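Listed here are the chains, written in short residue letters.
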Amino acid sequence: MKIKLIIGEKEELIEISENKTVKNLLDIVDIASETVVVKKNDCIVIDEELVEDGDLIEIIQVIYGG
Amino acid sequence: MNSCDKCGNPNIIIKKKQSGQKLCKDCFIKSTQNKVLKDIHKYGLLEKGDKVLLGLSGGKDSVMLLDILNSLKKRNIIDLIAVTIDEGICGYREEGIEIAARNAKKLGVEHRVVAFKEYFGMTLDDIISKNNVKEGRRNACTYCGVFRRWIFNRVARDEGATKIATGHNLDDETQSIVMNYLEGNIQNLTRIGVKSETRSNKFTVKIKPLREIPEKEIALYVVARELDVHFAGCPYASESFRAEVGSFIKEMSKEHPTIMYSTLRGFDKMKPVLKKEFSQESIVGVCENCGEPTGARLCKACTFFKDWETD
Ligand code: SF4
Ligand SMILES: [Zn+2]
Ligand SMILES: [Zn+2]
Chain U
1 MKIKLIIGEK EELIEISENK TVKNLLDIVD IASETVVVKK NDCIVIDEEL VEDGDLIEII
61 QVIYGG
Chain X
1 MNSCDKCGNP NIIIKKKQSG QKLCKDCFIK STQNKVLKDI HKYGLLEKGD KVLLGLSGGK
61 DSVMLLDILN SLKKRNIIDL IAVTIDEGIC GYREEGIEIA ARNAKKLGVE HRVVAFKEYF
121 GMTLDDIISK NNVKEGRRNA CTYCGVFRRW IFNRVARDEG ATKIATGHNL DDETQSIVMN
181 YLEGNIQNLT RIGVKSETRS NKFTVKIKPL REIPEKEIAL YVVARELDVH FAGCPYASES
241 FRAEVGSFIK EMSKEHPTIM YSTLRGFDKM KPVLKKEFSQ ESIVGVCENC GEPTGARLCK
301 ACTFFKDWET D
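Chains U and X, in that order, give the protein sequences.
Sequence positions in the first sequence follow my numbering and run 1 to 66.
Sequence positions in the second sequence follow my numbering and run 1 to 311.
Hints were generated in silico from the structure; no laboratory data involved.
Among these hints, one or two may not hold up.
Here are some chain X residues the structure puts well away from chain U; computed CB gaps all over 10 angstroms [said to hold, decoys possible]:
no., residue
1, Glu110
2, Thr190
3, Phe231
Here are the simulated lysine-lysine pairs, DSS-like style, with alpha carbons at most 27 angstroms apart [stated by the list, open to error]:
no., chain 1, residue 1, chain 2, residue 2
4, U, Lys23, U, Lys39
5, X, Lys38, X, Lys6
6, U, Lys23, X, Lys15
7, X, Lys30, X, Lys73
8, X, Lys73, U, Lys39
9, U, Lys40, X, Lys17
10, U, Lys39, X, Lys15
11, X, Lys250, U, Lys39
12, X, Lys250, U, Lys20
13, X, Lys254, U, Lys40
14, U, Lys4, X, Lys73
15, X, Lys42, X, Lys276
16, U, Lys40, X, Lys15
17, X, Lys15, X, Lys25
These numbers were taken from a predicted model, which means no experiment stands behind them.
Think of the CB as a built atom: it goes at the ideal place given N, C-alpha and C, for glycine as much as any other residue.
Chain U with its partners taken away, still in its complex shape:
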C-alpha cells in the first residue's frame, strides 16, 4: 500500500506493507519515536496507531540534541 510521508520540508510517497504501526514506520525511516510527534491525516496519534492505505503521515521533529 502507498502512503504520503512528510518529514520536515520533505514530502514523499512511499510503499509499505499492510498492518504497520506508526512505530514500525518510524523504525523503517530510522527516527527515534522519543524525538518526534506524529500526525496521521492531521491528527496527533500514538505509536501503536495503524497506518492505512492512502494515509498522510507527518513526522514532526520536536527534540534535538541530547
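Start from chain U and add chain X with the ligands according to the hints.
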C-alpha cells in the same frame, strides 16, 4: 481498546509510559495546564501582583510557559514581560527571535530583545571563535549560561520584575542533577531547585514552573495547541557534557520510564541536607566592575572578560 481515561474519546494522543494514563487532545492540554498551575501553587512560585520576567527563546518550553503564564496575566494575577536574549548565534538564533516576537505579539505581552553584543560588545560566536579549546576555552554553553544569567538579572532589575521564570523541564533538571553529581560538583547541586533562594535582594528570584513536565510532553503540548515554535537545535548544544548525560538518561528512560521522576524526587529529598552541609553562604557583595551581586570580587561574567584581557 484505547480511549481517553477522562472523557472516553477514542482519539488519544498520549499513552503515558510512566503511569499508563491515556488522554485525548483536549484532556491532555487541560491536564497539563492544571499540573503546571498546581505546581505554581504548591511550591509558592507566584504571588498575586508579581511582575514576571519570562525568558522567551521561542523554543517549545518557553512558548508553552508563555501560554500558561498568560492565562494568569489575563486573570490579572500577575504582570508579564517576555525577554528574548540574542546571544549572537548565526544561522540559529534569528528565527527563534522572530518566533518569540510573534508569540508575544499574538497574546499582547510586552516583549524585549536584548543582545550579548549590546551588553558585552561581542556575540557568542565572537567569543567562541576568539578562544579555542586548546587554550582552555570552556564549552559554549558555559559562557552562554553565565552571560545569560547576568543579562536576565540586570534586565529584571531595570524592569522592576519580582520573578524570573524559565522553561526548564524535567529532562533539563534531571540532566543538571546527574551531571553535577557525576562531576562531583556539590556546590552547584545545592543551587538546583524549583525556586531560587535569594541571597541578595539584588538577585531576582528564579522559578521553573515546568520542572516536573517531561520534555516530550511539552513538545506534544505545543503541537496539540498549535503554537508557533522554533523547533531547531543550537549548533553548540552537542559540545556539552550535558548533551552526553541527556542521551544517557533518555536511553535509560526507554526501559525505565519513571527514572527522571525518581531522580528528581530523590534529589529534592536530599537537598536540604546538601544545603546544610555544603552550601557556602558567602556574604554577597557586588562586583567591582559591573555592580552585579557576587560572592567574590568580580562576578563570573567579569572574570571571563578579565581573563581574555590578560591573554
Ligand atoms: S545550547 Fe548552549 S550555546 Fe546554545 S543556546 Fe543553549 S546554552 Fe547557549
Ligand atoms: Zn478526553
Ligand atoms: Zn561583574
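Hint by hint, here is what the structure shows:
1. Glu110: 28 angstroms, holds
2. Thr190: 24 angstroms, holds
3. Phe231: 6 angstroms, violated
4. U:Lys23 <-> U:Lys39: 12 angstroms, holds
5. X:Lys38 <-> X:Lys6: At roughly 18 angstroms apart (the allowed maximum being 27 angstroms), lysine 6 of chain X and lysine 38 of chain X satisfy the hint.
6. U:Lys23 <-> X:Lys15: Measuring from Cα to Cα gives roughly 13 angstroms; hence the hint holds.
7. X:Lys30 <-> X:Lys73: The given pair, whose Cα atoms are some 18 angstroms apart, holds under the 27 angstroms limit.
8. X:Lys73 <-> U:Lys39: Roughly 32 angstroms between the alpha carbons, so the hint for lysine 73 of chain X and lysine 39 of chain U is violated.
9. U:Lys40 <-> X:Lys17: The given pair, whose Cα atoms are some 21 angstroms apart, holds under the 27 angstroms limit.
10. U:Lys39 <-> X:Lys15: Roughly 15 angstroms separates the two Cα atoms, so the pair holds.
11. X:Lys250 <-> U:Lys39: Holds. Lysine 250 of chain X to lysine 39 of chain U sits at ~23 angstroms (cutoff 27 angstroms).
12. X:Lys250 <-> U:Lys20: 25 angstroms, holds
13. X:Lys254 <-> U:Lys40: 24 angstroms, holds
14. U:Lys4 <-> X:Lys73: 42 angstroms, violated
15. X:Lys42 <-> X:Lys276: Holds: lysine 42 of chain X and lysine 276 of chain X sit about 23 angstroms apart, inside 27 angstroms.
16. U:Lys40 <-> X:Lys15: Cα-Cα ~16 angstroms, so holds.
17. X:Lys15 <-> X:Lys25: 11 angstroms, holds
Taken one by one, the earlier hints fail for this structure at numbers 3, 8 and 14, listed in ascending order.
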